[in-house]
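Participant: The chain contents come next:
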Amino acid sequence: MTVRRTTLGGHTHEFASLSDLLAKATPARSGDALAGCAAESAAQRVAAQSLLADLPLATFLEEQVVGYEEDDVTRLILDTHDPGAFAPVAGLTVGEFRDRLLGWAAEGDEASIGALAPGLTPEMVAATSKLMRNADLVAVGRRARVVTGLRSTLGLPGRLASRLQPNHPTDDPVGVTASIVDGLLQGSGDAVIGINPATDSPGRTVALLELVDAVIQRYAIPTQSCVLAHVTTTLRALEKGAPVDLVFQSVAGTQPANRGFGVTLDLLAEARAGALELGRGTVGRNVTYFETGQGSALSADAHRGIDGRPVDQQTLEARAYAVARHFEPLLVNTVVGFIGPEYLYDGKQVIRAGLEDHFCGKLLGLPMGVDVCYTNHAEIDGDDTDTLTLLLGAAGCSFVIAVPGSDDVMLHYQSLSFSDVLTARQVLGLRPAPEFEDWLTRMDLLDDAGRVRSLAPDAPAAKALLAAARA
Amino acid sequence: MSAPARPGGDDPWSVLRAATRARVALGRAGDGLPTARELEFRLAHAVARDAVHTAFDPAVVRAGLDGVSSIEVHSAAADRAEYLQRPDLGRRLAAGTTLPRARADLALVLADGLSPRAVHEHGAPLATALLDRLADWSVGPVVLASQARVALGDEIGAALGARAVVVLIGERPGLSSADSLGVYLTWDPRPGRIDSERNCVSNVRPPHGLGYAEAADLVVRLLVAARELGASGVALKDEGPALPG
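Protein chains in written order, with our numbering: chain A, 17 to 487; chain B, 1040 to 1284.
Treat the hints loosely; a few may be bogus.
[Said to hold, decoys possible] Okay, derived cross-link-like pairs now, DMTMM-like style, lysine to aspartate or glutamate, Cα gap no bigger than 20 Å in a straight line:
| # | chain 1 | residue 1 | chain 2 | residue 2 |
| --- | --- | --- | --- | --- |
| 1 | A | Lys364 | A | Asp397 |
| 2 | A | Lys256 | A | Glu226 |
| 3 | A | Lys479 | B | Asp1050 |
| 4 | A | Lys364 | A | Glu395 |
| 5 | A | Lys256 | A | Glu293 |
| 6 | A | Lys364 | B | Glu1121 |
To be clear, the hints were calculated from the coordinates, so they are not data collected in a lab.
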C-alpha cells in the first residue's frame, strides 16, 4: 500500500492508498459520503486532485484498487489491456493525459482519441475525469466517436437517438402498444424499443418480444427491440425461439456486485452467442445492451477493494464499462438519477455524474447513452434534466431514454419525454439515426425541414400507426 | 385494461389514452409540451415533493389512535436532508434513546419514511384496524418514529423485547401516488436483519390502493403464519399455505 502525501497552503494531506486518493479526488456526491470515502474538506479534495494529476497513467497497470486475484472484473481489465494502443500516452501523467485529450478535442482529432480505447483502463479514465470540469467532459466526449449497429446505426456525428421505453405496470399488450405508437409518432425509438417487464418470466418476455417484433415488421421500422429481463430469462426466450434482437443485462464494476445481479461473464458470453446466431442485424452485429449506474455496487455492499477499503462510486461505475465493452454492445447507458439521493443528491451531482459516465464510457470505446432521470425524493427537477440533456447532446451522446410525458408508470420515476428529445435535436441541430430518419420520411412523419410533424389524428401517417393500437 | 375506443369516436387520440395510464397523446407546442400538459406534470411532481418534505407530526397520528398509548422516537438522522442522504442513520435510533422492556408479542411502529403524508392520512386507521384484529396478541406501546427507515423497526422491536415488529411506513411518492403506506413484518427483530427476512404489504391508500380492512387481514394472516414458522421473509413465503396468492 503506497501512502501518498502533499503539502498545499501549509497543510499536509495524506492518502492511504490509490483508492483513497481516487475517492478523495472525486467531486462531491452523497454516495461517497455514505460509503465513508469522500474528501473531508474542499481543500483535501484539491490536494488529492493535485497528487492524482502528477501520477503516471501507467501506475494503474501496476497498482490496483480492486484485487486481481479476487475479482474477475479486474482480471478482465488487465488481461485484455492492449499495450500497443496505450503506447501513445504511456509516458504521460494523469494531468498530462487530460491536457493531451483537450488538445486533440480542440483539433477535432477523433482518430487519436478513438484509437486509445483498448489501451485505457477504467481507472485511468475515471482518474482523468476527476480532473475535468463539465465543459472538458463535453469537449472530449464529443470527439470520442463510437459507432455501432444492428438494424440502425448509432453514434454517427450530428445524430441523437432515443430508446423508446413503453413500460406498463402489468405489461398489458394494448397499453404497451399505445406507448410505442405515441413514441414513434414523435420520432423516438431509433436506438431501441426497450421494455422493462413488470414480471421477469420467460413466458412474459417472449410475449413482449413478439409484440414489439410484430410492430417493427408491420411498419418495416429500422430499429431493434429489447425486453430488459434478466440474462437467464433471455436465454430461456432464445431456447423458445423468440425473436431476440438484443441480450440485456445490468452490470456493475465488481465481481460481488455482478454476483448480486446474478450474472457471470460466462453467462453473458453464452447469451450473446445465442443472439448472434440468430443473425437479425442488417447494418451491424452488435447484439448486447447494458445498463449501469453510479452507486449500484455500494447499494449491494459490494464496493470494497484492496484491504477492504471502499472504492468511490464513479471509479466502480467506469469498471462496469470494462464488463460491457467485452461483449461489443450496441447500447450502453447509465441510469444516472434512478438510484436515489443517497448516491446522487441533487441536480448538480446528477448532471456531473451523467457527463462523467458519458465521457468514461466513450473513452473506453462504448456506445454510451444516458437515462436522464430522477426520483421524487432527490433534489432535482425538469430544469436539471433539461440542462443535462442539452449538455449530453453537445457531448455527442449516442442516445437518451424517453417515456410518454416523462412519467414511467411502471418503474415510478421520471425520465425524458419524447418532446424533450425533439427539443434537444432541434436546439443542437441533431438528427435521428439515418435509417430511422429515412423511415420517418417514408411514413410522412417529417416536414420539409426534417422536423417531426405535430400531426392531426386524421393525418395518414397518424392513422396508419394508430391502427396498431387498435389491433 | 380498458378496451380501445371504438373507431369513429370523437377523438382518435383517445385510442391511445384509453389504452394506458401512461401520459400518451399529450400534443405538442412546437417541440415542447403544451402549457396545460406541462402544468399538469408540474403539479404531480409538486405534490410528490411536498409529500416527501412534509414535516412528520406525531400528534396527528396520536389523535387518530383513540387513546392507545404511544411513544415518540427519532432516528439518528438529524433532519430531512441528512435522512435522504444517509439511509444508514435512518435505520438507527438517536443516541440516548431508551425504550421500556414490554416483552410483548408484537411491536407496532408508525414511521414517516419517504412520505410523512401517507402516515398522517393512513397510519392511525390502519393501526386501529390491526389492533382490532390482534385481541389475543400482547402489543407494546405504539412507537411513532421520525426520520425513520424500515430497519429502524429492528432496533425498536429488539429494545422492546417483542417477538415481532410491524412497521407502517410512508412509501416513496410516485407522480400519481404521494400517500402510499407500506407495511413490513419482521419476526424476531434485531439489528442486522436483511430485507429478505421481511414480508411486505404495499400500496395501502384507500380508495385508490389497498383498503385498511383488506390490508389488516393480510398482515394478520402473515403474522399468524410467521408465529407458526418462527420466521418471516422468504422462508415464510415458501411455506406460506396460509397466505393469499
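Participant: Look at each hint and say if it fits the structure.
Facilitator: Each hint, compared with the structure:
no., hint, in the structure
1, A:Lys364 x A:Asp397, "holds (11 Å)"
2, A:Lys256 x A:Glu226, "holds (12 Å)"
3, A:Lys479 x B:Asp1050, "holds (12 Å)"
4, A:Lys364 x A:Glu395, "holds (9 Å)"
5, A:Lys256 x A:Glu293, "holds (14 Å)"
6, A:Lys364 x B:Glu1121, "holds (17 Å)"
The structure is consistent with each of the numbered hints, conforming to all of them.
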